[in-house]
Amino acid sequence: MLTLFGMSVVIFLLLRLAPGNIVDILFATGGYVSEADKQAIMKELGLDRPIWRQYVDWLGEIFTGNLGKSYRYDLPAWEVIRPLVPVTVELAILSTIIAVLLGVPTGVVSAVRQDTALDYALRVFSLAGLSMPSFWLGMVIILALVAWAGWIPPVTYVSPTTDFKIHAVQFLLPALAVGYRSSALITRITRSAMLEVLREDYIRTAWAKGQRGQAVIWGHALKNAMLPVITVIGIEFAFLIGGLVVTETVFNLPGVARFLVQAILWRDYPVVQNLVMFIAIVVVLSNLAVDLLYGWLDPRVRYGD
Amino acid sequence: MSRTRVAVALLVLALAVGLVAVSTPAIGQAPKSGGVLNIMQREDLPQGFSIHETATISTVWPAMPCLSNLVIFDPLKQQESMDTIIGELAEKWSWQDNYRNLVFFLRKNVTWHDGQPFTSKDVKYTFDMVREAPDATAKLRINPRKDWYANVEAIEAPDPHTVVFRLKRPQPSLLMMLASGYSPVYAAHVPVANYRTGCVGTGPFKVKEWKRGESVEYVKNTDYFIKGRPYLDGLRYLVIAERGTRFAALQSGRLDVAFPGEGTKTIAEQVTKAEPRIKVTIANQNVNDNLLLNATRPPFNDVRVRRAISLAIDRRAAVQAVHQGGAVVGAAMAPRPYGTWGLLEKDLNSLPGYGKPAEEKARARKLLAEAGFGPQNPLRIEMATRAIAIYLDFASFVINELKQVGVEATLKQIETAQWHPLATRKEYEAAPNLTGIGPDDPDANFYENYACGSPRNYTGYCSEEVMKLIDAQSQELDAKKRLALVWQIQKKLEEDAARPMIDWRLDYFMRWDHVKNLVPHQSIYNYGRMQEVWLDK
Numbered sequence: 015m016l017t018l019f020g021m022s023v024v025i026f027l028l029l030r031l032a033p034g035n036i037v038d039i040l041f042a043t044g045g046y047v048s049e050a051d052k053q054a055i056m057k058e059l060g061l062d063r064p065i066w067r068q069y070v071d072w073l074g075e076i077f078t079g080n081l082g083k084s085y086r087y088d089l090p091a092w093e094v095i096r097p098l099v100p101v102t103v104e105l106a107i108l109s110t111i112i113a114v115l116l117g118v119p120t121g122v123v124s125a126v127r128q129d130t131a132l133d134y135a136l137r138v139f140s141l142a143g144l145s146m147p148s149f150w151l152g153m154v155i156i157l158a159l160v161a162w163a164g165w166i167p168p169v170t171y172v173s174p175t176t177d178f179k180i181h182a183v184q185f186l187l188p189a190l191a192v193g194y195r196s197s198a199l200i201t202r203i204t205r206s207a208m209l210e211v212l213r214e215d216y217i218r219t220a221w222a223k224g225q226r227g228q229a230v231i232w233g234h235a236l237k238n239a240m241l242p243v244i245t246v247i248g249i250e251f252a253f254l255i256g257g258l259v260v261t262e263t264v265f266n267l268p269g270v271a272r273f274l275v276q277a278i279l280w281r282d283y284p285v286v287q288n289l290v291m292f293i294a295i296v297v298v299l300s301n302l303a304v305d306l307l308y309g310w311l312d313p314r315v316r317y318g319d
Numbered sequence: 097m098s099r100t101r102v103a104v105a106l107l108v109l110a111l112a113v114g115l116v117a118v119s120t121p122a123i124g125q126a127p128k129s130g131g132v133l134n135i136m137q138r139e140d141l142p143q144g145f146s147i148h149e150t151a152t153i154s155t156v157w158p159a160m161p162c163l164s165n166l167v168i169f170d171p172l173k174q175q176e177s178m179d180t181i182i183g184e185l186a187e188k189w190s191w192q193d194n195y196r197n198l199v200f201f202l203r204k205n206v207t208w209h210d211g212q213p214f215t216s217k218d219v220k221y222t223f224d225m226v227r228e229a230p231d232a233t234a235k236l237r238i239n240p241r242k243d244w245y246a247n248v249e250a251i252e253a254p255d256p257h258t259v260v261f262r263l264k265r266p267q268p269s270l271l272m273m274l275a276s277g278y279s280p281v282y283a284a285h286v287p288v289a290n291y292r293t294g295c296v297g298t299g300p301f302k303v304k305e306w307k308r309g310e311s312v313e314y315v316k317n318t319d320y321f322i323k324g325r326p327y328l329d330g331l332r333y334l335v336i337a338e339r340g341t342r343f344a345a346l347q348s349g350r351l352d353v354a355f356p357g358e359g360t361k362t363i364a365e366q367v368t369k370a371e372p373r374i375k376v377t378i379a380n381q382n383v384n385d386n387l388l389l390n391a392t393r394p395p396f397n398d399v400r401v402r403r404a405i406s407l408a409i410d411r412r413a414a415v416q417a418v419h420q421g422g423a424v425v426g427a428a429m430a431p432r433p434y435g436t437w438g439l440l441e442k443d444l445n446s447l448p449g450y451g452k453p454a455e456e457k458a459r460a461r462k463l464l465a466e467a468g469f470g471p472q473n474p475l476r477i478e479m480a481t482r483a484i485a486i487y488l489d490f491a492s493f494v495i496n497e498l499k500q501v502g503v504e505a506t507l508k509q510i511e512t513a514q515w516h517p518l519a520t521r522k523e524y525e526a527a528p529n530l531t532g533i534g535p536d537d538p539d540a541n542f543y544e545n546y547a548c549g550s551p552r553n554y555t556g557y558c559s560e561e562v563m564k565l566i567d568a569q570s571q572e573l574d575a576k577k578r579l580a581l582v583w584q585i586q587k588k589l590e591e592d593a594a595r596p597m598i599d600w601r602l603d604y605f606m607r608w609d610h611v612k613n614l615v616p617h618q619s620i621y622n623y624g625r626m627q628e629v630w631l632d633k
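Those sequence lines, one after another, are chains F and W.
Quick note, the working numbering runs 14 ahead of the 1-based positions in the first sequence.
Quick note, the working numbering runs 96 ahead of the 1-based positions in the second sequence.
Certain hints may be false.
Said to hold, decoys possible - Simulated pairs of lysine to aspartate or glutamate, EDC-like, Cα-Cα distance not exceeding 16 Å:
no.	chain 1	residue 1	chain 2	residue 2
1	W	587	W	609
2	W	307	F	93
3	W	235	F	58
4	W	522	F	58
5	W	235	F	51
6	W	204	W	187
7	W	264	W	252
8	W	204	W	319
9	W	369	W	187
10	W	242	F	51
11	W	307	F	88
12	F	83	F	93
13	F	237	F	214
14	W	633	W	329
15	W	576	W	609
16	W	612	W	574
17	W	499	W	567
18	F	52	F	38
As the list claims (entries may be wrong) - Facing chain W, a subset of chain F residues (Cβ under 7 Å, in silico):
no.	residue
19	33
20	34
21	45
22	182
If you are wondering where the hints come from, they were derived from the structure by calculation, not from laboratory data.
Idealized CB from N, CA, C, for every residue including glycine.
Could you build the full structure based on these sequences and the hints that come with them?
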């Protein structure tokens, strides 16, 4: 709660420190500014109130479940935000799954075959993932598709209930672009953690007792190497919730991150504040989930003793 | 008549018919009804469907199909002029009392999308609101075009189907401004704020759904007042923020039509090379690149310094460097053949910045020296511009040109939120800028951008002589005399470097070949109604 409170103060103040407000943007679309009209709109939107009052009112609104009204759309902020959340959460989950499915086995194989041609190839593969921004990869995918197949996925969101196949294609391509980048990080962490674990005495003992290679690597070594990997996965997932801006923009998916940027450009305070708070909550919750997973994976870690 | 003569006559007739068919392809084919047109939209609608509260194509383009004007430019004619204006909600109109009264006779049996009848009260309500008449019953939150109607003394609605615009003095241009996409009629029974979230219009299409940040969907208005129109069953505007994705969507057929003003020469060449079924029409955007020089304070309150800056910028080089040839040079009014009022080539060539670059730059250095600036005391200025690529490319070019005459300009990027407050308050020295003008009309342009005291006269240039000329052309009824006055004003503005005009942007408007009757006009703001468009597939 303390973290969220701190976040709320930071979000609120940073937004107000940015030059201009929604009224300036509204006048920008009209190509002129009238000071008298500007004051009237400021009053209409409640922007003439003291800053502290605006903050207290916002906190009050959060606690009563009323997220205020979008300045830009003149609609309840929740009504604007609600459809965005499932899109981003789905994309983040799908990307994380791809990242894990790609990153963990690659890291394990790379560690087990250390300093072989396969290890070098996999390290180059993961380094390429880290070097290529996901938006760039996304754009390359789009341009390659249009150039070679004359086809791109639909540019409007198709819900799974409308057409599951199209929906899957629509999400799979951006998830691959994002997942590849995240997998690179997971590969590297998995590899270094595995290398460390593989040199431990209990692994040597397992080998000495004649246990099967697969059982030693996947059963004993990987389980013990997973703690740092889980941390990275948790951080990556939390990052993806707010960090998919460009991928959502390139693939034209109506998610949280893309909308957040637009809301910031429009200084739509109620939407920005609540969206960033939503992201903050996801970050806090994913950290909590990672901590709980520690206890499950490593019996030495105990909570509440 | 001999057989040979008959054969020749028939051949000539066949050729003539063939020529007509080729030059007007849409007419040669019978329009087909049905289908949904997928249209490019570069950003979500600022201010929803409230066209009167914005000055951006991002609103006008997707909102036009919902609404109707009193009069409009013929959608099938690319060149806009007084002669191409046709009735929309007005069946006919008549100038009376030597162009002091403009009387509109409205169509009967027109209904709003919610079923309410359309009457003259709606027209009076709308334009009283826009001109901020003392007895107006509603107020716009933002009102960028109030000045267009400054000459309207009163609007009367003597009966439900007649409206009279009473003018303070003759002003033929009023009709041009009323024909712009910026001049729809709102419903008097609908609160003006509702247009920001939805749309009740009399237009050919009804809003089905606006998904914020995603799309706007329209369905055919089956009660549209023009029988047999629209041809399409619906329209779908797809918001795609990323330019690369936008054109990939067009190329792959996800979109049928591009966004006005978005097609550059380079993009058009790439797209049509990859997909020859996409057709390009080159049209004037009625958007120009100009240089704002703050005339209210030093150094640009000195006309010599302003003129030196204007001389230093090679207009033809700008067209090549900034637009790769996708623009044309011109003064304050859109150049010929795209515009009606543009200066003739010979007049243009005598203006600052159009001569031989070396000679023009030498003249610029001389003027700067006269004003007290030279190698020992170089003119140092801060060049403010909007932090958007299309502004920055242009600003970089200008800075480089100025460097060649010894002017040291530094670039200051201004965020969009701060741009118009800065320009309106004149808190800048020099600023490369883009200006879009609704109709190709001197009144719409001069009163907005050059009149003393206009909020969009960002430079603060104010000349009594020019104001007299602007008023004179506005009420001149003789077309030839008016044209001569408009030319005189343009020359004076360029000589005074009031707002040096660098070039006029061309639009390489793209559409698939199955899209018929969508004719881009010489202004991006006036052809979005879509009632004549049909799909040949």
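- What hint numbers does the structure not satisfy? Result: hints 1, 4, 9, 15, 16, 17 and 22 break, sorted rising.
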